[in-house]
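One letter stands for each residue in the lines below.
There are 2 protein chains.
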Amino acid sequence: MSRRSRVIIVGGGFGGLSAAQALKSAPVDVTLIDRHNYHLFQPLLYQVATGSLSAGEIAAPLRSVLSRQKNTRVLLGDVRDIDPISKHVLLADGASLEYDSLIVAVGSQSAYYGHDAWREWAPSLKSVEEAINVRHKILYAFEVAERIADPAQRRAWLTFVIVGAGPTGVELAGAIAEIARQTLKNDFRSIDPKEAQIILMDSAQRVLPAFPEDLAQKAKRALVKLGVEVQTGVMVKVIDKEWLNVQTHDGMNRLEARTVIWAGGVSVPALGKTLASRTKAETDRSGKIIVGPQLTIANYPDIYVVGDLALALDPNGKSLPGVAQVAMQQGTYAAKAISRQLEGKPKQKDFKYFDKGSLAVIGRWSAVADAFGIHLSGFPAWLVWAFIHLTYIVQFQSRILVFIQWAIQDLTFSRGARLITGTAATDFNFNEELASVVKPADSSKVAVNM
Amino acid sequence: MSRRSRVIIVGGGFGGLSAAQALKSAPVDVTLIDRHNYHLFQPLLYQVATGSLSAGEIAAPLRSVLSRQKNTRVLLGDVRDIDPISKHVLLADGASLEYDSLIVAVGSQSAYYGHDAWREWAPSLKSVEEAINVRHKILYAFEVAERIADPAQRRAWLTFVIVGAGPTGVELAGAIAEIARQTLKNDFRSIDPKEAQIILMDSAQRVLPAFPEDLAQKAKRALVKLGVEVQTGVMVKVIDKEWLNVQTHDGMNRLEARTVIWAGGVSVPALGKTLASRTKAETDRSGKIIVGPQLTIANYPDIYVVGDLALALDPNGKSLPGVAQVAMQQGTYAAKAISRQLEGKPKQKDFKYFDKGSLAVIGRWSAVADAFGIHLSGFPAWLVWAFIHLTYIVQFQSRILVFIQWAIQDLTFSRGARLITGTAATDFNFNEELASVVKPADSSKVAVNM
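Sequence order for the protein chains is A and B. Residue numbers for the first sequence follow my numbering, beginning at 35 and rising by one. Residue numbers for the second sequence follow my numbering, beginning at 35 and rising by one.
If you're looking for bench data, these hints aren't it; they were derived computationally from the structure. Treat the hints with care, since some could be wrong.
Intra- or inter-copy, both count: the list cannot distinguish identical chains.
[As the list claims (entries may be wrong)] With a straight-line cut-off of 30 Å between C-alpha atoms, the simulated BS3-like cross-links for lysine-lysine are:
1) Lys219 / Lys58
2) Lys275 / Lys352
3) Lys386 / Lys352
4) Lys219 / Lys104
5) Lys219 / Lys381
6) Lys275 / Lys381
7) Lys307 / Lys228
8) Lys275 / Lys379
9) Lys307 / Lys379
10) Lys104 / Lys228
11) Lys58 / Lys228
12) Lys383 / Lys228
13) Lys259 / Lys379
14) Lys259 / Lys314
15) Lys352 / Lys58
16) Lys104 / Lys259
17) Lys259 / Lys381
These numbers come from a predicted model, not from an experiment.
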């Protein structure tokens, strides 16, 4: 019996998982390698960050998603290197695996454009860990503000800045505004959470730059109605622990803010850079690997790059956006290309992205949607959004829970997952922060000032 | 206007929260202080540890539980000291608060009986953080076993030891057995999770020592049926990273096991010891504070101790168990005592525990229950268990979700919250562990040996 062809897929995100699933009936041995044991539904990560959902509710164990696919093996591991000549991938634990075809789907990571020091004060939102860190920051800010008597300091703790007004930034800003205006409405005794200032900023001239102009305007109006202050055309120059400097049309502006969240941009993970250098692949300025019309790297027809790491062009020469839809279609395409080759069939037509549209949600029961040229906003757009997201999640986990959770929450404004847990105590030293602002002299106040 | 009487409650567990809620209509200013921002439903913590539930599903933010109770303020803080003479509590952040009445409800922590070094290899299950740590250990063990070729090492990774056969130990053992036999059934390619050995041990002569004999027997039979090996009358002598030594009737026994979970016993938290020393209160050997019939400390009629920290006696002179029911009834009692005193009413009758019975769940649809002398087991007991636990949870959060989650899970054996996240990578170095067992020579095997 001849050996079965081996396909290695690196990354269990939208691209990698779609590829694995599309290989279900192919006569191949598939190994899917990921550093995490779960597939994460990233578009809802902002809901973990804002306490609406628990991480377990938007993630599915990769093993369980693929458990019935007998030709597929899941490997928990960290790919450190790829040798495209001997056709091996090397794991951090020392194991090295040989492939016949390789699909690289390692996604993207947040980019601070040369200001990596900002990461400490302005976490981003790409992983479960980061989302939980952001959740802690938001919740702690209200806790600290509750304990502070000084109005200026209190104001700084109640100022939330979101840098980047793409879908994630817009969704985060809307959710934080709802937390402040509704969820926490009755929860504090010294502060009024409604005083919180939520600022969404972008260097572009409008929010949702990738959306049509009219929808961006509608999104902006919806945000303002929720109490978000939208600042466009401003450049962030410095982010520090307690403040940030932004350049506006009128000059430099200093903003006192203790909570800054980075929804700014993406870059290529280390393995993407390694792969580019090993294959001498062409990349764009951000490090994305330029792939051919069949999604392979030049001179390496057995290496497919899909999802955020790939720079693929649409027929107009415009690069495809880094969204789940693109990654999923590319993953499926790569899987089919491998199957057809093994079956001796002629090559597929070149990859063509079928754009089903864009969506962004803005608070409860409100969204903007651009689907096949139809522009929706408000509740109809929210329904489309909810339907699409739930369909996807339900596929993996019978997670009708998420829907029920939303229903409860949207009716009651409560947020079930408002826990501060884990390493929060070390990430953010609550007692130390307070010790610096709570003077012994305040002590009687705390008790009396009910 | 005369100043309102100030009640400080330290701890937002079952005892503290019940006290706060019972003071809802009292003419007092209540301050509830907890180190966490949530009330935790500890009896279900084992379900977080075994991936059935997310932490957010068994916890409710204290602020939101108490948001509509206008006389009550929640303070996120760490109480370091209590001065019973000047009537102040001191927080780690430097603030000091004055009280007229104090209710101390700080609960218990796990005890390693002088072997604190064991904690590193045998985590316990008292907090969300520990539960998530235990979850990681369990899931990682299967991941590592999947990658190991050596049968002895693989066996050690697939051996799970639970020390302590009280309700938590029994529930954990049952849940791990179900994970191995059902949930992960199809998830691996090299190992068969059903080979996992789950050992539940206790130095007592039977499981559930606090339960009636016949129910303990039934629980044991149910556990054995699930595939749990029950070892009673054995003493743990040493726990190390890769093995433990236990003393049996036949002598010393060495057990190779990479996952040991401590469900062994409880001790008094630091603040409990501080309070005892400041008030010169009598304590038992474990440090519990002996309270009078009105749950106050001798000579300090304004300091109530409720829940696990208190040693209260039933009419037969037997000490009350450290369970939620006792803590809740004591919290309510203390609150009423304070109210009555302010209203100038005569003192309440001495505290009397109303025992509604004991419950322990053993895997899916099976439990043992002892309620008012009626002994139930199997499905009827499980129904009682589910009803009681859900009623409690629903009170706080409309958390009908938990019920739905159980329903899905019990029908499908899936576990949605099987995520390995956060500091797992540092708590447990997967790559390093693997590097020590995955030889480069194994590499081809990993890929081919599907």
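Right, here's what the structure says about each hint:
no., hint, result
1, Lys219 / Lys58, "between (50 Å within a copy, 19 Å between copies)"
2, Lys275 / Lys352, "neither (38 Å within a copy, 55 Å between copies)"
3, Lys386 / Lys352, "within (12 Å within a copy, 76 Å between copies)"
4, Lys219 / Lys104, "between (51 Å within a copy, 13 Å between copies)"
5, Lys219 / Lys381, "neither (60 Å within a copy, 38 Å between copies)"
6, Lys275 / Lys381, "neither (54 Å within a copy, 54 Å between copies)"
7, Lys307 / Lys228, "neither (45 Å within a copy, 41 Å between copies)"
8, Lys275 / Lys379, "neither (59 Å within a copy, 54 Å between copies)"
9, Lys307 / Lys379, "neither (33 Å within a copy, 76 Å between copies)"
10, Lys104 / Lys228, "between (54 Å within a copy, 18 Å between copies)"
11, Lys58 / Lys228, "between (51 Å within a copy, 25 Å between copies)"
12, Lys383 / Lys228, "neither (55 Å within a copy, 46 Å between copies)"
13, Lys259 / Lys379, "neither (56 Å within a copy, 53 Å between copies)"
14, Lys259 / Lys314, "neither (50 Å within a copy, 59 Å between copies)"
15, Lys352 / Lys58, "neither (32 Å within a copy, 63 Å between copies)"
16, Lys104 / Lys259, "between (52 Å within a copy, 29 Å between copies)"
17, Lys259 / Lys381, "neither (52 Å within a copy, 55 Å between copies)"
Of the hints listed earlier, those the structure fails to meet are numbers 2, 5, 6, 7, 8, 9, 12, 13, 14, 15, 17, in rising order.
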